[in-house]
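Work out the full structure: start from the sequences and follow the hints.
So this note's numbering is basically just the index in the sequence shown, starting at one, shifted up by 35.
Treat the hints with caution; some may be incorrect.
[To be verified] Below, a list of computed lysine-lysine pairs in the PhoX-like style, where the Cα atoms sit at most 25 Å apart: (1) 218 - 237; (2) 148 - 218; (3) 237 - 347; (4) 331 - 501; (5) 293 - 377; (6) 105 - 148; (7) 113 - 238; (8) 148 - 177; (9) 105 - 218; (10) 313 - 125; (11) 275 - 113; (12) 507 - 125.
Hint data in this document are derived by calculation from the structure and do not stem from the laboratory.
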Amino acid sequence: MEQITEQEICFLEQWNTPKSLLETLFHDFDNLGYFSKDKFGEIRVYQYPLYSDESLISFSATAKLHNLSKKEEFQLRKNVGDIYCPGARKFGKTLIVEKLDLVNDMLTHDFTKTAFSSVDLIHIREVLDDVKAAFQNHPICKLWERRITGAPDYKFQLKNGYKLNSVNFNIGSKNPGRQWYGKHVEKLLIEEFSLESEEVAKKRKDALSELGAVFRVSGMCNYTTFSPAGKMVTAPENRKHVINLPQFVNPFWDEKEKKDRLEHYGGEDSIGYRVFVKGEVVEDSITAIDMARVRKLCYLEKQEIKRFEITKERYPFFRNTLVVERPSNAERIFISTDAGLKTMEIVVHSEIEDKYYYIFNIVLYNLTVPEKEQILDFLIIKLQANVIGFDCGDGEGRAIYDHFAEKYPMDNLVYYSGAKKIEVGFELDENKNIVIEKGEPVYRREYMSEFSVQRLETLFYAGRIKIPEDYKFDSQFSVIMVKLSGTRKIYKCVSESGDHLFNAYKVFSTA
36 MEQITEQEIC FLEQWNTPKS LLETLFHDFD NLGYFSKDKF GEIRVYQYPL YSDESLISFS
96 ATAKLHNLSK KEEFQLRKNV GDIYCPGARK FGKTLIVEKL DLVNDMLTHD FTKTAFSSVD
156 LIHIREVLDD VKAAFQNHPI CKLWERRITG APDYKFQLKN GYKLNSVNFN IGSKNPGRQW
216 YGKHVEKLLI EEFSLESEEV AKKRKDALSE LGAVFRVSGM CNYTTFSPAG KMVTAPENRK
276 HVINLPQFVN PFWDEKEKKD RLEHYGGEDS IGYRVFVKGE VVEDSITAID MARVRKLCYL
336 EKQEIKRFEI TKERYPFFRN TLVVERPSNA ERIFISTDAG LKTMEIVVHS EIEDKYYYIF
396 NIVLYNLTVP EKEQILDFLI IKLQANVIGF DCGDGEGRAI YDHFAEKYPM DNLVYYSGAK
456 KIEVGFELDE NKNIVIEKGE PVYRREYMSE FSVQRLETLF YAGRIKIPED YKFDSQFSVI
516 MVKLSGTRKI YKCVSESGDH LFNAYKVFST A
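Rendered as structure tokens:
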């Protein structure tokens with residue numbers, strides 16, 4: 036038998052060392068299909084704990100040496116490979132924890148069944164399209180390719196027996212998590228794990244191999260302690276596998292970036308800054324909306340929201356872009372807006388038999404106030420709108436409201452300001468009788484910011500709002516946090532897609 040050479044030993048050492056393999060194969064981690072003999076990639080020092088060292092260890096040899104069972108052998112692999120990485124934005128958690136580690140695993144482990152899962156096809160594509168490019172175009176990686184299919188259901192079959200499938204949570208569907216059926220995986224990667232629902236988590240638990248699975252999990256910190264993500268991170272057996280990093284470990288973080296983030300989120304103590312920049316889990320908050328009930332009672336299966344986007348470049352053509360009409364059976368049409376400095380979110384609901392059907396979502400980007408007013412004028416006339424709501428929490432919103440107050444009766448307009456109190460009923464005494472002072476009933480008053488969310492809960496849980504499949508809606512309403520501040524409830528949407536849709540719905544709920 037020919038002896039192995041020093042050169043071959045050196046090659047095997049480099050091949051089975053994740054950092055060496057990845058930096059040698061890929062000089063550009065955003066383009067895994069390319070190979071350079073002269074250029075090398077760079078995994079940053081703070082990213083070293085994020086990749087798995089499974090390929091460095093022979094677990095079968097270790098188990099044989101110590102007379103371990105198959106279950107104990109697999110537990111050794113989990114000890115090395117498991118990671119739960121909730122954190123801030125922009126430090127490479129998806130890149131290292133999932134994308135690069137997945138390629139490394141596929142090249143160095145034979146006959147492994149793996150699943151990559153996420154909240155929707157967009158997030159799945161962000162990772163698996165690059166992995167697919169590596170195994171179809173990279174001159175070395177493509178030697179492993181046997182059969183690969185892409186979106187919407189990714190399937191990888193490699194010559195070394197490695198199998199990888201995608202699993203879409205399909206949160207907004209009537210049967211979320213159904214793609215877990217029939218899976219028995221030994222390795223599991225979850226992207227945006229904070230958005231995994233209880234129903235999906237239950238189905239995922241039944242899709243593991245009989246020995247269990249290595250977990251490679253990453254996402255934002257916009258979850259609560261009692262959510263599936265929270266239970267994963269706080270479980271005592273997982274604590275040693277949790278890595279949490281802030282955005283400012285990124286070498287490109289500087290004072291300008293910090294200033295931009297502070298302006299965007301409203302200060303260092305804001306929930307958004309704490310979650311997306313500091314990478315904190317806001318443990319003193321709970322989710323405000325029971326999305327499992329909302330999905331069951333309100334979602335319309337196999338229907339999608341009709342969505343439009345108008346930028347300043349497309350503004351001259353908005354009349355041709357906004358193909359909208361009033362449903363023939365609509366009793367009333369509600370137009371509700373959230374006005375921001377650069378973005379205006381518009382939602383349109385059609386009232387039919389005491390139910391409100393969400394029919395249009397329109398987003399305006401970088402338009403002037405007169406341009407926004409002109410588009411709203413067009414929508415009001417085209418849809419014969421009955422009620423128009425405005426977020427008047429800032430000067431722009433109030434200016435737009437004032438413009439329409441000169442044109443339409445006040446009964447058709449809604450003035451929303453979260454800091455304003457409105458009358459929502461009467462004060463009652465111990466006997467449930469209306470309190471009378473100076474011959475007048477005493478009204479019960481609440482802040483609009485609190486009343487609007489409570490009103491939304493009432494409408495949702497009664498099934499009176501009907502919602503087509505819409506990832507943006509689900510992603511924002513799944514992570515509405517509520518915390519007590521004195522006697523007040525403070526609601527904050529901590530979604531990566533922003534909070535404009537949530538704010539527009541608060542305006543709608545007060546109509």
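Run the distance test for residue 331 versus residue 501: straight-line Cα separation, threshold 25 Å. holds (11 Å)
Given the hinted pair residue 218 and residue 237, is their alpha-carbon gap at most 25 Å? holds (13 Å)
Agreement of residue 148 and residue 177 with the hint, judged by alpha carbon distance not exceeding 25 Å: holds (19 Å)
Pair hint residue 293 and residue 377, alpha-carbon separation not exceeding 25 Å: holds (20 Å)
Straight-line alpha-carbon gap residue 148 to residue 218, limit 25 Å: holds (9 Å)
Mind checking the alpha carbons of residue 105 and residue 148 for me, to see if they're no more than 25 Å apart? Holds - the C-alpha atoms of residue 148 and residue 105 are around 16 Å apart, at most 25 Å.
Between residue 313 and residue 125, is the straight-line Cα distance small enough, at 25 Å or below? This hinted pair holds, its Cα atoms lying about 11 Å apart.
Holds or violated: residue 237 with residue 347, Cα cutoff 25 Å? Not satisfied, since the Cα-Cα distance of roughly 45 Å exceeds 25 Å.
Is residue 105 within 25 Å of residue 218, Cα to Cα? Judged against 25 Å, a Cα distance of about 20 Å means the pair holds.
Agreement of residue 275 and residue 113 with the hint, judged by alpha carbon distance not exceeding 25 Å: Distance of about 12 Å is within 25 Å: holds.
Is residue 113 within 25 Å of residue 238, Cα to Cα? Between residue 113 and residue 238 the Cα gap is close to 21 Å, so the pair holds against 25 Å.
Pair hint residue 507 and residue 125, alpha-carbon separation not exceeding 25 Å: Roughly 21 Å separates the two Cα atoms, so the pair holds.
The structure is inconsistent with hint 3 alone, although it conforms to all the rest.
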